[in-house]
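> With chain A fixed as given, assemble chain P with the ligands onto it according to the hints.
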Amino acid sequence: MRHEQGAAHAADGYARATGKVGVCMATSGPGATNLVTGIANAHMDSIPMVAITGQVGTALLGKDSFQEADITGITMPITKNNYLIKAAEDIPYIMKEAFYLARTGRPGPIVVDVPKDLQFKKINFKYPDSISLASFKPNFKGHPKQITAAAKLIAASERPLIYAGGGVISSEASKELLQFAEKCNIPVTTTLMGKGAFPETHELAMHMLGMHGTAYANFAVQECDLLIAIGARFDDRVTGHLARFAPHAKIIHIDIDPAEIGKNVGVDVPIVGDVKSVLTALIEKVGPKEKHPAWVAKLEEWKAKYPLGYKDTGELKPQYVIEQIYRITKGGAIICTEVGQHQMWSAQFYKYDKPRHWISSGGLGTMGFGLPAAIGAQMGRPDAVVFDIAGDGSIQMNIQELTTAVNNKLPIKIAVLNNCYLGMVRQWQELLHGKRYSHTDLCNNPDFVKIAEAYGAVGIRATTKEEAIKAIEESLKIKDRPVLMDFRVAKEENVFPFVPAGQAINEMIID
Amino acid sequence: MEHKHTITVIVHDKPGVLSRVAGLFSRRGFNIESLAVGTSETPGLSRMTIVAKGDDEALEQIMKQLYKLIDVLRVYDMPTDTAVEREIVLAKVHANANTRAEINQIVEIFRANIVNVGEDSMIIEMTGESSKVEGILKLLEKFGIQELVRTGKIAMLRS
Ligand SMILES: Cc1ncc(C[n+]2csc(CCOP(=O)(O)OP(=O)(O)O)c2C)c(N)n1
Ligand SMILES: [Mg+2]
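Each protein sequence line maps, in turn, to chains A and P.
Numbers 14 to 524, taken from my numbering, label the letters of the first sequence in order.
Numbers 11 to 169, taken from my numbering, label the letters of the second sequence in order.
It is worth saying that the hints were derived from the structure and are not from the lab.
Keep in mind that the hints are not guaranteed to be accurate.
[Said to hold, decoys possible] Cross-link-like lysine to aspartate or glutamate pairs, in silico, DMTMM-like; alpha carbons within 20 Å at most:
| hint | chain 1 | residue 1 | chain 2 | residue 2 |
| --- | --- | --- | --- | --- |
| 1 | P | K74 | A | D83 |
| 2 | A | K276 | P | D66 |
| 3 | P | K24 | A | D83 |
| 4 | A | K276 | P | E12 |
| 5 | P | K24 | A | E102 |
| 6 | P | K24 | A | E110 |
| 7 | A | K276 | P | D65 |
| 8 | A | K150 | P | D23 |
| 9 | P | K74 | A | D248 |
| 10 | P | K78 | A | E110 |
| 11 | A | K99 | P | D23 |
| 12 | A | K276 | P | D87 |
| 13 | A | K276 | P | E67 |
| 14 | A | K276 | P | E70 |
Given the structure is predicted, the values throughout are model-derived calculations rather than measurements.
Extracted from the complex, chain A is given alone in its bound form (with noise of 0.2 Å):
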């Protein structure tokens, strides 16, 4: 990688495409503190990944030595656990620590700080068989008397809906998901994590909730009186306004993490342990298909009434140039993507069937995430097609990492949706600031082909509808190096629906 943190945001993106822990390494000082944007990222989002960096001599620690950062002290907030190493008879045992702990449990960034002398020192090497912690015991197994309870309410509910997110993913549960969605017709929304734990073209799909969700899930949310939250965390970006958030819902949450439970909102029924593990236990309990005729039809009436959509201009609009890439790839690549309009746009129009296929920074929000992931997701799934959906303004926060790419001969797809802005704080600046704009625009943009031809790959503009398909077309059979779209897009489109940030999430701008 040129930059340590697109090292950092590469292990995430290799950890979300393949549920392996990804790694990154980084020298001291300024190298480890380079990484401190990747980590946090991970964090937000419970990314399984470890991340080692160099530390300056044993003897010269504490000292303010040349490179030397307290890489422990800043990333303790932004980890799940850190070590900073003292003898290297520990790195045997502690390496294994750090990777038990970064996948068990809610999974989370590990960093491990190696002063110099100990990476040079010869031990005799012992690696323990297996790791356990008296103070890390997360509880897999749901307790079967709360099971029962859920299972009762869900019995009783008329109006029942499933929100599902990152942790159905990261507990491998989607198969579950399905069958308890299906043994109960229950509707499933998800959260921006949670894309791909349901399939999105499934009937019962509400897809996504929330500032950018679609009209008729949040409508759902408000009017169901029962809501079932899957490895969801109740994120200020879903809930809206939290008060007025399923006004008329009893609720059961299912997470591994405890202090997730009642941290946002009350909850009447909550179920600690793994999701996987949970449902599996709760499909038994719940009786046969339960169906809810009147709500079923009343959710497929607003998916009629307010089914997401943009209006055609004739311009080359970006939710067009998404919908083509979801068509040409047949729904079946893995799409990564940068932070801002182009990312809400990748989630609502391209339809997630699979999990592992939307690879998205949801908690930090980072800009310049896309390009080193997909570098990462690329890596580990060397078979798959990946794109990178990205923003001109994000695309140049880790631009470098064309580089590696081309290096190591990855055809990762980058599609620029290229709308000379920093296009959604345009939109806030627009709809909540009587169109102010300030700092927002990006006319001098540098030419996105040149760059892609300068790094050794191929760059593509296309500024019609046809030039869109055929670079789309063309980009796919380039299998040996990196391929820059440059999208030339309808400049101040704006992203609908949307729930200005503290409303109640029906209280929508809807288009």
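Coordinates of chain P with the ligands only, in the frame set by chain A:
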């Protein structure tokens, strides 16, 4: 509801564990009123007693977050009615020939100790529950407290 809570945290005695615990409180907007740390009955484990004031729900959240720290073994909120609570205070009080007798009397009533006497001051040591400690300090105030040290509260469940 805002309440004062006494929280006991059993931790692995490892470098950095104090800043992990303290950092959690400050990050989540809690002011620590007092914090006492020392070894426990088990070698390798330390016991922290933390007094913090805050919203009950927010405090529950902090306790859950504390549990998530890998070096934390146990966390509990000490109920005031079933715990023995103590704090030690050293107070250097201004004292002269005219006031010594009165100070002596106060010390006796509170079963405190005079541990050092100087030309124009004396050091009083006081052990007790917070309310008792507050009581004696209030009475000593008028003589002029030159220096004050408090250990912070420690607590143990009654048998
Ligand atoms: C590192 C970072 N800095 C700032 C922001 C705030 N921010 C969110 S979206 C956005 C604009 C993104 O612009 P662009 O990449 O062009 O995407 P668009 O919204 O135009 O699709 C900004 C600045 C952020 N999320 N991340
Ligand atoms: Mg843009």
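> Does each hint fit the structure? Answer for all of them.
For each hint, the structure was consulted:
| no. | hint | verdict |
| --- | --- | --- |
| 1 | K74/P x D83/A | violated, 27 Å |
| 2 | K276/A x D66/P | holds, 12 Å |
| 3 | K24/P x D83/A | holds, 16 Å |
| 4 | K276/A x E12/P | holds, 17 Å |
| 5 | K24/P x E102/A | holds, 17 Å |
| 6 | K24/P x E110/A | holds, 15 Å |
| 7 | K276/A x D65/P | holds, 13 Å |
| 8 | K150/A x D23/P | holds, 19 Å |
| 9 | K74/P x D248/A | holds, 18 Å |
| 10 | K78/P x E110/A | holds, 15 Å |
| 11 | K99/A x D23/P | holds, 15 Å |
| 12 | K276/A x D87/P | holds, 18 Å |
| 13 | K276/A x E67/P | holds, 8 Å |
| 14 | K276/A x E70/P | holds, 9 Å |
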